[in-house]
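Novice: For the sequence shown, the working numbering begins at 1 and goes up steadily by one.
These are computed hints drawn from the structure, not numbers from a lab. For clarity, every value in this text was computed on a predicted model and none was experimentally measured. Check before you lean on any hint, since a few could be wrong.
The list that follows gives simulated cross-link-like pairs (lysine to aspartate or glutamate, EDC-like), each with its CA atoms no further than 20 Å apart [claimed, not checked]:
{"id": "1", "residue 1": "Lys329", "residue 2": "Glu351"}
{"id": "2", "residue 1": "Lys329", "residue 2": "Asp270"}
{"id": "3", "residue 1": "Lys115", "residue 2": "Glu210"}
{"id": "4", "residue 1": "Lys354", "residue 2": "Asp395"}
{"id": "5", "residue 1": "Lys297", "residue 2": "Asp270"}
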Amino acid sequence: MEHHHHKPGLRVRLRITAARRRAWLSAGLQSACRKPPRRDPSDSVHKVARREIGGGHRRPPRPAAPSSSAFSCPEKFRNFQLQEEYDTYDDEVHFLVQLPFLWSRTKIIEIVAAKDVIFALAQSGLCGAFNRGKSHSSMLTGFAFVRFMFLIKLILMLAATNRRICYLNISPDEVIRSLFYNKNNESLITVSVYESDRFSSLKCRTTPIEYIRRGQLNDGFPLFETESLKYPGFVEFDDVNGKVLTFSAQDSTYKVFDLKNYNFLYSICDKNIQEIKISPGIMLVIYQKSANHVPLKILSIEDGTPLKTFTQLLHRSRKVDFIEQFNEKLLVKQDKENLQIIDVRNSNLIEVNKTEFMTPSAFIFLYENNLFLTFCNRTVAAWNFRGELVTSFDDHELWHSNCNTNNIYITADQDLIISYCKASKEVRDAGGCEGIAPHTGSINMSNIFTGKCVAKISPLDPTLTIAPRKRGDSSRSTIRSTVSDALEDITALFYDEDRNEIYTGNSKGLVHVWSN
1 MEHHHHKPGL
11 RVRLRITAAR
21 RRAWLSAGLQ
31 SACRKPPRRD
41 PSDSVHKVAR
51 REIGGGHRRP
61 PRPAAPSSSA
71 FSCPEKFRNF
81 QLQEEYDTYD
91 DEVHFLVQLP
101 FLWSRTKIIE
111 IVAAKDVIFA
121 LAQSGLCGAF
131 NRGKSHSSML
141 TGFAFVRFMF
151 LIKLILMLAA
161 TNRRICYLNI
171 SPDEVIRSLF
181 YNKNNESLIT
191 VSVYESDRFS
201 SLKCRTTPIE
211 YIRRGQLNDG
221 FPLFETESLK
231 YPGFVEFDDV
241 NGKVLTFSAQ
251 DSTYKVFDLK
261 NYNFLYSICD
271 KNIQEIKISP
281 GIMLVIYQKS
291 ANHVPLKILS
301 IEDGTPLKTF
311 TQLLHRSRKV
321 DFIEQFNEKL
331 LVKQDKENLQ
341 IIDVRNSNLI
351 EVNKTEFMTP
361 SAFIFLYENN
371 LFLTFCNRTV
381 AAWNFRGELV
391 TSFDDHELWH
401 SNCNTNNIYI
411 TADQDLIISY
421 CKASKEVRDA
431 GGCEGIAPHT
441 GSINMSNIFT
451 GKCVAKISPL
461 DPTLTIAPRK
471 RGDSSRSTIR
481 STVSDALEDI
491 TALFYDEDRN
501 EIYTGNSKGL
511 VHVWSN
């Protein structure tokens with residue numbers, strides 16, 4: 001049986017809300033490094049962008065045990081070296097964009113790779129595309145506002161050094177908020193805001209990867225033009241179900257579109273809706289909380305047909321930390337209360353003591369393995385839906401305390417987690433000497449079933465070097481960083497399973513390629 005486009009067993013949600021970047025941009029004109037405002041605490045758990053995971057054909061389901069691919073991981077990552085270095089910024093960037101805060105060097109917040117092209121998005125909103133395949137002599141840029149002859153000169157220079165194809169900011173006042181690769185039609189969706197409307201509305205645009213590879217950005221086209229996506233409106237891409245969910249705050253309307261062709265499917269209009277959560281095949285509609293309960297409704301994701309309506313009892317005086325849906329299981333957690341796992345089919349209840357399960361900063365649901373990962377205080381844990389802790393990780397202390405899943409990648413087989421982690425004690429002790437900076441971490445690959453670290457890219461590895469340039473190879477980028485520099489302050493991470501390459505972005509706006 002053939003399966004195309006994506007590994008369907010994982011939740012792939014990317015929700016972009018107009019509020020965060022708009023508030024940041026208003027302050028960003030003075031300081032491009034200020035952090036986005038903190039979200040409503042009741043909302044913070046769920047708005048984390050779920051990392052798109054995997055891209056291969058689906059394989060038969062496996063039992064929850066260490067897989068053969070996990071055992072081969074040390075060999076897969078053996079002899080990894082620093083291969084390339086791409087710079088999102090250069091001295092000519094101010095010719096290409098008119099917003100001054102886009103000129104300032106900021107950290108990479110998101111990396112997406114597809115069809116041998118790497119996309120690196122900086123916190124400022126500047127997004128560069130880099131070619132990992134063969135060079136294309138016909139590459140042009142999407143910036144129509146720069147003089148043609150200057151562009152030709154600049155593109156030839158970039159192609160010879162950093163191999164940047166182009167910037168994806170096709171308008172001089174465009175600030176890109178996030179990226180989504182649509183496997184259904186091999187295109188990249190950019191979600192942006194613009195200075196012309198004071199960064200208040202989200203605008204979506206899709207461009208085939210092949211057009212981007214040729215620099216034909218103007219051949220893309222806008223999406224959801226009829227929707228008003230002003231704060232607190234949002235757009236959410238769900239790769240598991242192949243759907244797009246939009247919310248227009250202006251008329252309290254949710255709309256569902258087909259991710260394959262962007263056709264409108266149906267709408268839900270109700271001012272009493274607090275939140276909508278997407279799960280395989282269904283949507284959980286959460287209504288405004290009453291005194292001691294919250295009304296819930298489960299809808300078919302395909303046509304919006306109501307499948308079940310019920311209420312969930314709550315402690316009157318406790319804040320709701322999260323309500324999540326996983327197939328037939330409902331997860332409910334209130335502040336200073338036990339985690340409740342309810343089977344919505346028969347109302348069976350399982351409780352996990354609050355001392356054992358603390359509210360995480362993010363979830364990743366592993367649908368094929370019937371598990372979910374939690375991220376809390378730099379630690380990762382795997383749980384089943386009987387409320388049992390399945391895996392604790394031995395050597396996987398995350399670098400960032402406030403988990404961002406752009407620093408985490410889970411393979412298509414759901415057996416391996418790759419993260420930017422706190423360095424071992426040996427590295428910390430070596431900080432400041434041996435050329436190792438004190439803010440240097442490591443890239444750890446751990447088996448999800450055993451919790452064992454099976455491979456690591458560490459600055460103390462004597463075999464980890466900058467890959468030597470082959471004689472006559474003029475296509476290589478110029479690597480100015482040391483290995484230790486490249487492992488310092490990593491802010492985004494992506495693993496290309498087809499090429500067996502890890503891409504990392506750091507606080508300096510640089511992108512590094514690690515492979516063997």
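Novice: Next step is simple, just say for each hint if it's right about the structure.
Specialist: How the hints compare with the structure:
1. Lys329 x Glu351: At roughly 12 Å apart (the allowed maximum being 20 Å), glutamate 351 and lysine 329 satisfy the hint.
2. Lys329 x Asp270: violated, 25 Å
3. Lys115 x Glu210: holds, 8 Å
4. Lys354 x Asp395: violated, 25 Å
5. Lys297 x Asp270: Given pair lysine 297, aspartate 270 holds - Cα atoms ~12 Å apart, limit 20 Å.
Violation of the numbered hints given earlier is confined to hints 2, 4; the remaining hints are satisfied by the structure.
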